[in-house]
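Chemist: Given next are the chains, with one letter for each unit.
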Amino acid sequence: MASSSNVSTRRSDVVRVAVAGNPNSGKTTLFNVLTGARLKTGNYPGVTVDVTSGERRHKGGELVFYDLPGAYSLSAYSIDELAARRFILEEKPDVVLNVIDSANLERNLYYTLQLRELDVPVVGALNMIDEAEEAGVEIDAERLGEILRTPMVKTVGSKRRGVEELLDAIVETARKDAFRWTPSVYGVEIERAAERALAALGKATTPDETAPTTWAALKIVERDKDETAKWRAVNEGELPDGATEAVEWLERHVGESAPVYFAGQRYGVIRGAVRETVRRVKPPERKTPTSRIDAFALHPVFGVVGFLVVMAAVFYATFTLSEPPVAWLERGFAALGEFAASRIDDPTLRSFVVDGAIGGVGGVLSFAPIIVVLFLLVTLLEESGYMARAAFIMDNVFHRFGLHGQSFIPLFIGFGCTVPAIMAARTLKSPTDRLVTILVSPLISCGARLPIYALIVGAFSPPEYSWAILLGVYALGPIAAMGTALLFRATLFRGETSPFVMELPPYRKPTMSGAMWHVGRRLWRFLKNAGTVIFAASILVWALTAFPRPAADATAREALEQSYAAQMGEAIAPAMAPLGLDWKAGVALVSGLAAKEIVVSTMGVLYHAEEAAPDATLRERLRDDGSFDALSAISLVVFVALYVPCFATLATIRRETGSWKWVAFVAGYTVALAWIAAFLAHRLGVALL
Amino acid sequence: MKHLGRRRRRRGGDEQCNRRRAELAGTLTVADLSEGEVFEVRRVLAEGELGRRLVEMGLSPGARGAVARMAPFRGPVQIDLLGYSLSLRRSEAYGVVVERIDPS
Numbered sequence: 001m002a003s004s005s006n007v008s009t010r011r012s013d014v015v016r017v018a019v020a021g022n023p024n025s026g027k028t029t030l031f032n033v034l035t036g037a038r039l040k041t042g043n044y045p046g047v048t049v050d051v052t053s054g055e056r057r058h059k060g061g062e063l064v065f066y067d068l069p070g071a072y073s074l075s076a077y078s079i080d081e082l083a084a085r086r087f088i089l090e091e092k093p094d095v096v097l098n099v100i101d102s103a104n105l106e107r108n109l110y111y112t113l114q115l116r117e118l119d120v121p122v123v124g125a126l127n128m129i130d131e132a133e134e135a136g137v138e139i140d141a142e143r144l145g146e147i148l149r150t151p152m153v154k155t156v157g158s159k160r161r162g163v164e165e166l167l168d169a170i171v172e173t174a175r176k177d178a179f180r181w182t183p184s185v186y187g188v189e190i191e192r193a194a195e196r197a198l199a200a201l202g203k204a205t206t207p208d209e210t211a212p213t214t215w216a217a218l219k220i221v222e223r224d225k226d227e228t229a230k231w232r233a234v235n236e237g238e239l240p241d242g243a244t245e246a247v248e249w250l251e252r253h254v255g256e257s258a259p260v261y262f263a264g265q266r267y268g269v270i271r272g273a274v275r276e277t278v279r280r281v282k283p284p285e286r287k288t289p290t291s292r293i294d295a296f297a298l299h300p301v302f303g304v305v306g307f308l309v310v311m312a313a314v315f316y317a318t319f320t321l322s323e324p325p326v327a328w329l330e331r332g333f334a335a336l337g338e339f340a341a342s343r344i345d346d347p348t349l350r351s352f353v354v355d356g357a358i359g360g361v362g363g364v365l366s367f368a369p370i371i372v373v374l375f376l377l378v379t380l381l382e383e384s385g386y387m388a389r390a391a392f393i394m395d396n397v398f399h400r401f402g403l404h405g406q407s408f409i410p411l412f413i414g415f416g417c418t419v420p421a422i423m424a425a426r427t428l429k430s431p432t433d434r435l436v437t438i439l440v441s442p443l444i445s446c447g448a449r450l451p452i453y454a455l456i457v458g459a460f461s462p463p464e465y466s467w468a469i470l471l472g473v474y475a476l477g478p479i480a481a482m483g484t485a486l487l488f489r490a491t492l493f494r495g496e497t498s499p500f501v502m503e504l505p506p507y508r509k510p511t512m513s514g515a516m517w518h519v520g521r522r523l524w525r526f527l528k529n530a531g532t533v534i535f536a537a538s539i540l541v542w543a544l545t546a547f548p549r550p551a552a553d554a555t556a557r558e559a560l561e562q563s564y565a566a567q568m569g570e571a572i573a574p575a576m577a578p579l580g581l582d583w584k585a586g587v588a589l590v591s592g593l594a595a596k597e598i599v600v601s602t603m604g605v606l607y608h609a610e611e612a613a614p615d616a617t618l619r620e621r622l623r624d625d626g627s628f629d630a631l632s633a634i635s636l637v638v639f640v641a642l643y644v645p646c647f648a649t650l651a652t653i654r655r656e657t658g659s660w661k662w663v664a665f666v667a668g669y670t671v672a673l674a675w676i677a678a679f680l681a682h683r684l685g686v687a688l689l
Numbered sequence: 690m691k692h693l694g695r696r697r698r699r700r701g702g703d704e705q706c707n708r709r710r711a712e713l714a715g716t717l718t719v720a721d722l723s724e725g726e727v728f729e730v731r732r733v734l735a736e737g738e739l740g741r742r743l744v745e746m747g748l749s750p751g752a753r754g755a756v757a758r759m760a761p762f763r764g765p766v767q768i769d770l771l772g773y774s775l776s777l778r779r780s781e782a783y784g785v786v787v788e789r790i791d792p793s
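Protein chains in written order, with this note's numbering: chain A, 1 to 689; chain B, 690 to 793.
Chain A with its partners taken away, still in its complex shape:
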C-alpha cells in the first residue's frame, strides 16, 4: 500500500506544508480553503492513516499541503496522533502549519509548544479568531509570535479570512531556519535532566545513524513511549546507561512522575505567554448556547431518551432514504444482466459475465447508497459535536462491559456495514480497546443481513409480530457484542480500559460541504477496501456454484445440486442437522461468506420446488418446502445474525490489525458462537412450539 513516491521525490522549489492541530480547530476547513479541489489521498510510510494532500500556487511558488489527523499532543496516544507525529518526524515537511482554535488558546498552544521543541519551522494560524473576539478575547498575535518564536496569523477558515497573509508567512518561514527552542524555558531541572540524557544517548547506538538531538533527550526525559522504544530497540532492549538515571534523578528532584511534571511545566510556559498577550475585554458568559443544549443532551433522563430517539431516527432514515436508490441499482443491474445474457451464446461465459461479474459489481454498488446515507448522517452528528455526547452517555454502560464510550461510534456504524465500522475503531485511543471493538463489531447486524431477516421472518411469523421479532434479532447483535467483550476482557485482555479523558466540543452547525467531503473520503475508502474484496469473493462463490459445469439441459436447481457449493453443503450437513437445517441452508450460509445478500439469491435458486407455481415468491416457496419449517427459520436467523462476517470484513480485520491470527480468531469464534446460539434457540423453539 505504502507509496512514498509522492513525498520522497523532492523538488527544491516545492514547499511541503504539514497541516497539524487539535481536533475541532477547523483544520480541515482551512486545509480545503488553502488547497481548493486539487486533492489526492495517499498512504505514507509509517503512517497507517490516509493523508490527503492538495496543491496551491502562491506568488510563483508551488505549495503542497498535507492534512494530518487531529492531535492534542505529540506524546502520541491514539493511532491518529501517532500518524500525525510520524508524518512530521519521518517526512520532515518544510513547514508545519499549526491550526489553533483561538477560543481555546491554552490547550491548543500545548501542541504548538511541542512542535516548536522539534525545531521544525512552524507557522501558527490563530483560527476562528472571530469566535474568540465575539467572546471578548483579544489576542496580540505579534507578541505571541515573538514569545513562541514563530509567526502567528489570525484566520477564519470558513470565511477565507487571513489566507493571503498565512500563505505569505508560510513561504517566508520555509526560506529560513527555525529558531532553536531551548529546554531551559521548562526550568533548570528539566534542562539538567535533558543534558544528562543527551550525554548518555551520545555514547550509545543511535536509531537512525545521526547524532542524538536535544529533542530526543527531552522525549526520553518525559518517558515518551515511542522514542524510548526506538532507543531500546537498538541498545539490546535497554535505554542507554545514564538515560534512565537522568529521568529518575528528575523525578526524585521534583517529587512527581516525569510525564506529569513535564506537561505541567509546558502549561507554565503557556500561562506566562497568555498572560502577556491575551486580554479579556468582557467576562466569559456563564450560559453559552452549548451549555444550554447540554442541559438537555446530557440530562440523566432526557439525555438518554434523546439519545435513543436520535439513534432510532438515524437508523430509520438510513434504511428508508437508501431504499429507492438501492432498488434502482438492483433493477439496473438486473436489466444489464438480462441484456448481457441475450448477447452471449457460450453458457459458461454467459454465466460468468451475468452471475459472476455483473452480479458481483452489482452486489457492491447496490450497497453503496446505504453506506452513503449512514456516513452522511453519522458525519453530520460528528461534526455537530453530538457524537462526543453519545460517548459520554454510553461510557458508563460500555465501560462495565469492557468497552469504551467511544466504541459506540464504530459499533453503531456496524449496523450499516461492518467494514467501515472496523475502520472507525481507529478513533479509539488504546490498542486493546480498539482490538476488542474490532473483534466484537462483526456481531452487530449489518445492513446486508436485513434482506435475509425480512425474507425469513416475513415467511414464518404472523405479520403483526414480525416487527417485534426483527427488533429482537437486531438486539441480538449488541447483546452478543457486550457479552463477548466482557468475556474477552476477562480472559484475553485483562486490565482496565483506557482513560475516558475526552473533549466535549462546542456544538457547531455542520456544513454540508464539509460533511460531503468526509463522506466522499469514507466512501472512497469503502469502495477501495471492500469493493475489490466483495467483487473477488462474488466471483469465487460464482465459481463454486457454477462448476463443475452441468449438462446442457439441466435446470438451475439441478445445476446447483451437483456443484462444488452443494458438495460443501453436504459436507457440513451433519453439523447443520442439530440446528434443524439441511444442506440447502448450509450452501446458502457458505455463499454468505462472499456477501450476506448472496444468501437470499442462493436460497432463491435452491428452494425451487417443482410443484410450486412458477411465479411463487421465494417467501412462499420457503414456506411450502418440506425441509424448512419455522424451527429452521429460528436457527437460520440466529445463525446469520452472529456467524462469520463476509470476506470483506475479514480482509479489513487483516488490514487493521495487521495479523491473520485475528482473522482466524474472528472466523472461529463467530461460527462457534452462532452455532451455539442457534442450537439453543432451536432447542428452545422445539420445547415451546
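Source of the hints: derived by calculation from the structure; they are not laboratory data.
Backbone N, C-alpha and C define an ideal beta-carbon position, used for all residues, glycine too.
Some clues are possibly wrong.
To be verified - If you want the ones that stay clear, here's a sample from chain B, every Cβ over 10 Å from chain A, calculated:
#: 1; residue: Gly715
#: 2; residue: Thr716
#: 3; residue: Leu717
#: 4; residue: Asp721
#: 5; residue: Leu722
#: 6; residue: Glu726
#: 7; residue: Glu729
#: 8; residue: Ser749
#: 9; residue: Arg789
#: 10; residue: Ile790
#: 11; residue: Asp791
As the list claims (entries may be wrong) - A short, non-exhaustive set of chain B residues, derived as facing chain A with CB atoms under 8 Å:
#: 12; residue: Val733
#: 13; residue: Glu736
#: 14; residue: Gly737
#: 15; residue: Leu739
#: 16; residue: Gly740
#: 17; residue: Ala752
#: 18; residue: Ala755
#: 19; residue: Arg758
#: 20; residue: Pro761
#: 21; residue: Gly764
#: 22; residue: Gly772
#: 23; residue: Leu777
#: 24; residue: Pro792
Add chain B to chain A, keeping to what the hints say.
Modeler: Below, chain B alone, put in the same frame as chain A:
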C-alpha cells in the same frame, strides 16, 4: 444497579488505587466535588499515560475549572476549564487533587 456497583468496586483497581492515594494525602479530588463547584488544580496523582493526558488536556497545577456535570450512577464527570469542556470517568477524577475556590 446495586449488583453492578458491587462488581465495579471489586474490578475497579485503578479507582481504588487513586482513591487510596488521595485519602493518604488527606486531600480533596475532582470526584469529591459537586456540580457547580469551582476548583484549582493542586496536583495530579494519577501516574503514567493517564496522568500525562490529564495534564495535557489542561488539568495542570494552578489551572482553574468548574464541575459542570456529574453523570448519575457514578458515570463520567464534565469539567469546564480553559474555555472548553472535558469529560473524564469518576475513577480518573480521583487522580486530580484540587482546592475548592469561592466562585465569587
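Chemist: Determine for every hint whether it applies to the structure shown.
Modeler: Hints versus structure:
1. At roughly 17 Å from the closest C-beta of chain A, the C-beta of Gly715 (chain B) stays outside 10 Å, upholding its exclusion from the interface.
2. With a cut of 10 Å on Cβ distances, Thr716 (chain B) stays outside the contact zone with chain A, its closest approach being about 15 Å.
3. Residue placement check: Leu717 (chain B) keeps its beta carbon more than 10 Å from all beta carbons of chain A (closest about 18 Å).
4. Listed as outside the interface, Asp721 (chain B) is consistent with that label: its C-beta sits roughly 18 Å from the nearest C-beta of chain A, beyond the 10 Å cut-off.
5. At the 10 Å boundary, the C-beta of Leu722 (chain B) stays outside the reach of chain A, the nearest C-beta of that chain being 17 Å off.
6. With a cut of 10 Å on Cβ distances, Glu726 (chain B) stays outside the contact zone with chain A, its closest approach being about 15 Å.
7. Taking the minimum C-beta to C-beta distance to chain A, about 13 Å, the non-interface status of Glu729 (chain B) holds against the 10 Å cut.
8. At roughly 4 Å from the closest C-beta of chain A, the C-beta of Ser749 (chain B) falls inside 10 Å, breaking its exclusion from the interface.
9. Distance check on Arg789 (chain B): its Cβ is at least 19 Å (rounded) from any Cβ of chain A, clearing the 10 Å threshold; non-interface status holds.
10. The Cβ of Ile790 (chain B) sits about 15 Å from the closest Cβ of chain A, beyond the 10 Å cut-off, so the non-interface label holds.
11. With 10 Å as the threshold on Cβ separation, the claim that Asp791 (chain B) sits away from chain A holds: the shortest Cβ distance comes to roughly 16 Å.
12. The closest approach between the C-beta of Val733 (chain B) and any C-beta of chain A is roughly 5 Å, which is under the 8 Å cut-off, so the hint is satisfied.
13. Annotation: interface hint on Glu736 (chain B) holds; nearest CB of chain A at approximately 5 Å, less than 8 Å.
14. Restraint check, Gly737 (chain B) versus chain A: the minimum CB separation of about 7 Å is within 8 Å; hint holds.
15. A least Cβ separation of about 5 Å between Leu739 (chain B) and chain A falls short of the 8 Å threshold, and the interface hint therefore holds.
16. Taking 8 Å as the C-beta cut-off, the interface hint given for Gly740 (chain B) holds, the closest approach to chain A being about 4 Å.
17. Among the interface hints, the one on Ala752 (chain B) holds; its C-beta lies about 7 Å from the nearest C-beta in chain A, closer than the 8 Å criterion.
18. Interface restraint check for Ala755 (chain B): the shortest CB-CB distance to chain A comes to about 10 Å, outside 8 Å, so the restraint is violated.
19. Taking 8 Å as the C-beta cut-off, the interface hint given for Arg758 (chain B) holds, the closest approach to chain A being about 6 Å.
20. Taking 8 Å as the C-beta cut-off, the interface hint given for Pro761 (chain B) holds, the closest approach to chain A being about 5 Å.
21. Using the Cβ-Cβ criterion of 8 Å, the hint placing Gly764 (chain B) at the interface with chain A is satisfied: the shortest such distance is roughly 4 Å.
22. Contact between Gly772 (chain B) and chain A, as hinted, is supported at the beta carbon level, the nearest pair being about 5 Å apart and thus within 8 Å.
23. For Leu777 (chain B), the suggested interface contact is upheld, since its CB lies about 5 Å from the closest CB of chain A, less than 8 Å.
24. A least Cβ separation of about 10 Å between Pro792 (chain B) and chain A goes past the 8 Å threshold, and the interface hint is therefore violated.
Against the hints set out earlier in the document, violations occur for numbers 8, 18 and 24.
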